[in-house]
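S.K.: Sequence:
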Amino acid sequence: MLPKYLYMVLAGLSVAFTIYFMATTASLNVSYTVASQALQLPLPLVVLKFFALGVVTMFCVWKIRSKELKSEAKQLQWQAQDAKLAVEIQSDKEKQLEAKIATLEAALTSALKKKS
Numbered sequence: 067m068l069p070k071y072l073y074m075v076l077a078g079l080s081v082a083f084t085i086y087f088m089a090t091t092a093s094l095n096v097s098y099t100v101a102s103q104a105l106q107l108p109l110p111l112v113v114l115k116f117f118a119l120g121v122v123t124m125f126c127v128w129k130i131r132s133k134e135l136k137s138e139a140k141q142l143q144w145q146a147q148d149a150k151l152a153v154e155i156q157s158d159k160e161k162q163l164e165a166k167i168a169t170l171e172a173a174l175t176s177a178l179k180k181k182s
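Using the working numbering, the letters of the sequence shown correspond one by one to residues 67 to 182.
In silico DSSO-like pairs for lysine-lysine, Cα to Cα no more than 30 Å straight-line:
#, residue 1, residue 2
1, 140, 129
2, 140, 150
3, 133, 150
4, 136, 70
If you are wondering where the hints come from, they were derived from the structure by calculation, not from laboratory data.
Working from the sequences, and respecting the hints, build out all of it.
M.R.: Pasting the structure below:
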């Protein structure tokens with residue numbers, strides 16, 4: 067995974083290039099038809115719209131990914147808690163068995179003393 071500063075530099079270069087492109091093509095117009103009406107828009111406006119669309123798309127992807135990461139973190143936390151609980155349960159079972167063994171040993175010792 068690349069460092070966050072590299073991503074910041076790439077984003078800055080992208081914005082700078084877009085601004086430069088918009089400034090150098092300010093006099094150009096793009097004509098197209100929508101619903102049988104001819105429209106003419108300055109090229110920088112079209113570029114700005116597509117740039118904004120890209121920003122919105124990346125924001126949506128980022129939000130989805132951050133939710134996935136939070137979900138994965140919770141899943142790992144739950145798995146750690148489950149493992150800890152399993153160890154505690156195993157430890158409790160061992161303690162119960164040791165207590166039963168001690169009780170049986172005491173009963174056996176007492177029975178042997180009564181017999182002799």
